[in-house]
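S.K.: Chain A is fixed; fit chain B onto it per the hints.
Top line first, the protein sequences correspond to chains A and B.
For the first sequence, counting from 1, position 36 maps to 36 in my numbering; every step adds exactly one.
For the second sequence, counting from 1, position 54 maps to 54 in my numbering; every step adds exactly one.
Certain hints may be false.
All copies of an identical chain are treated as equivalent in the list; a pair is satisfied when it fits inside any one copy or across any two copies.
Claimed, not checked - List of simulated lysine-lysine pairs, DSSO-like, C-alpha gap at most 30 Å:
1) K80 to K54
2) K126 to K25
3) K54 to K110
4) K110 to K25
5) K101 to K77
6) K110 to K35
7) K35 to K101
8) K77 to K130
9) K25 to K80
By construction, these hints were calculated from the structure, which means they are not laboratory data.
2 protein chains.
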Amino acid sequence: MKIVRLPMRLEDCPVKTTADVISGKWKTLVLYYLKDGPIRFGQLKRLTQGASHKVLTEQLRELETDGIITRIETPGKTLKVEYSLSEHGQTLAPILSLMAKWGAEFRNRKAVAATEMDELSAASDKISSKIYELKQKR
Amino acid sequence: MKIVRLPMRLEDCPVKTTADVISGKWKTLVLYYLKDGPIRFGQLKRLTQGASHKVLTEQLRELETDGIITRIETPGKTLKVEYSLSEHGQTLAPILSLMAKWGAEFRNRKAVAATEMDELSAASDKISSKIYELKQKR
Numbered sequence: 001m002k003i004v005r006l007p008m009r010l011e012d013c014p015v016k017t018t019a020d021v022i023s024g025k026w027k028t029l030v031l032y033y034l035k036d037g038p039i040r041f042g043q044l045k046r047l048t049q050g051a052s053h054k055v056l057t058e059q060l061r062e063l064e065t066d067g068i069i070t071r072i073e074t075p076g077k078t079l080k081v082e083y084s085l086s087e088h089g090q091t092l093a094p095i096l097s098l099m100a101k102w103g104a105e106f107r108n109r110k111a112v113a114a115t116e117m118d119e120l121s122a123a124s125d126k127i128s129s130k131i132y133e134l135k136q137k138r
Numbered sequence: 001m002k003i004v005r006l007p008m009r010l011e012d013c014p015v016k017t018t019a020d021v022i023s024g025k026w027k028t029l030v031l032y033y034l035k036d037g038p039i040r041f042g043q044l045k046r047l048t049q050g051a052s053h054k055v056l057t058e059q060l061r062e063l064e065t066d067g068i069i070t071r072i073e074t075p076g077k078t079l080k081v082e083y084s085l086s087e088h089g090q091t092l093a094p095i096l097s098l099m100a101k102w103g104a105e106f107r108n109r110k111a112v113a114a115t116e117m118d119e120l121s122a123a124s125d126k127i128s129s130k131i132y133e134l135k136q137k138r
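The following block holds chain A by itself, in its conformation from the complex (with noise of 0.2 Å):
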């Protein structure tokens, strides 16, 4: 059978709808954290370093606009703060974890490549000096 594809708008595609609402600054590395379990804002800040308070609180509103994650409050002495996965934002668990695998072996990939260039040219500056010590011979 013959595949039949139609144009679609860049905003219409689906695969755009889901990078666009998990890729937000530090939201990859929210999610990466949160898809293991709720965390306190406090613990949030300090795992996502370099992310000021300010940033951090809008990527979090966005998220928790989008239904991704919750904000749980729990009042005492100190206030909690508290963020977790939502239940819609658990159906995005799978996504998040295929993603960070993909992302490990991706990385792994590209720093075999890159030994794999130094010995090359390692081997290439050996080949180099042994010519212009013959040459040198001759």
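M.R.: For chain B alone, kept in the frame of chain A given last:
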């Protein structure tokens, strides 16, 4: 067992690595189409309405450099240029399919929520006008 979470630099997040590979301007749409099989350049250009020749070519080149897609030239009366997911790119296919499914459901969910909002505000309007009517009668 308590999960011990260590801080991670944003650039080390494996979810971000994957998101970066697939999230370029036109890449999600290109990959959305390519996950179902090879496509000729001209067809890809038609499918990604709005992408300029230059930008589409750049995006394809980046995916090629990352080893995700393969460019195959077949000489003939007119040169045939076809793109497909590489063997490594095929490992992305399950993620792309899940993302497409999730994205479609997310859009649907948003549309349902918007309809419910419309219905609620229509109901609220009705009640307001009923109250107004009753006040007039007093």
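S.K.: Is the C-alpha distance from K54 to K110 at most 30 Å within one copy, between copies, in both cases, or in neither?
M.R.: between (34 Å within a copy, 27 Å between copies)
S.K.: I want to check one pair: K25 and K80. Are their C-alpha atoms no more than 30 Å apart within a copy, between two copies, both, or neither?
M.R.: within (25 Å within a copy, 39 Å between copies)
S.K.: Given a CA cutoff of 30 Å, do K77 and K130 count as a within-copy pair, a between-copy pair, both, or neither?
M.R.: neither (75 Å within a copy, 48 Å between copies)
S.K.: Given a CA cutoff of 30 Å, do K35 and K101 count as a within-copy pair, a between-copy pair, both, or neither?
M.R.: Result: close both inside a copy and across copies, 13 Å intra and 19 Å inter.
S.K.: Under a CA distance limit of 30 Å, which applies to K80 and K54: within one copy, between copies, both, or neither?
M.R.: This pair counts as within: shortest intra-copy Cα distance 18 Å, inter-copy 51 Å.
S.K.: Quick one: K126 to K25, C-alpha cut-off 30 Å, is that within a copy, between copies, both, or neither?
M.R.: neither (44 Å within a copy, 43 Å between copies)
S.K.: First find the shortest C-alpha distance between K110 and K35 inside one copy, then the shortest across copies, and answer within, between, both or neither for a cut-off of 30 Å.
M.R.: both (26 Å within a copy, 22 Å between copies)
S.K.: Using 30 Å as the alpha carbon limit, work out where K101 and K77 are close: within a copy, between copies, both or neither.
M.R.: Answer is neither: 40 Å inside a copy and 44 Å across each miss the 30 Å cutoff.
S.K.: Evaluate K110 and K25 at a C-alpha cut-off of 30 Å and name the case that applies: within, between, both or neither.
M.R.: both (23 Å within a copy, 23 Å between copies)
Hint compliance for this structure: hints 2, 5, 8 are not met, and every other hint is.
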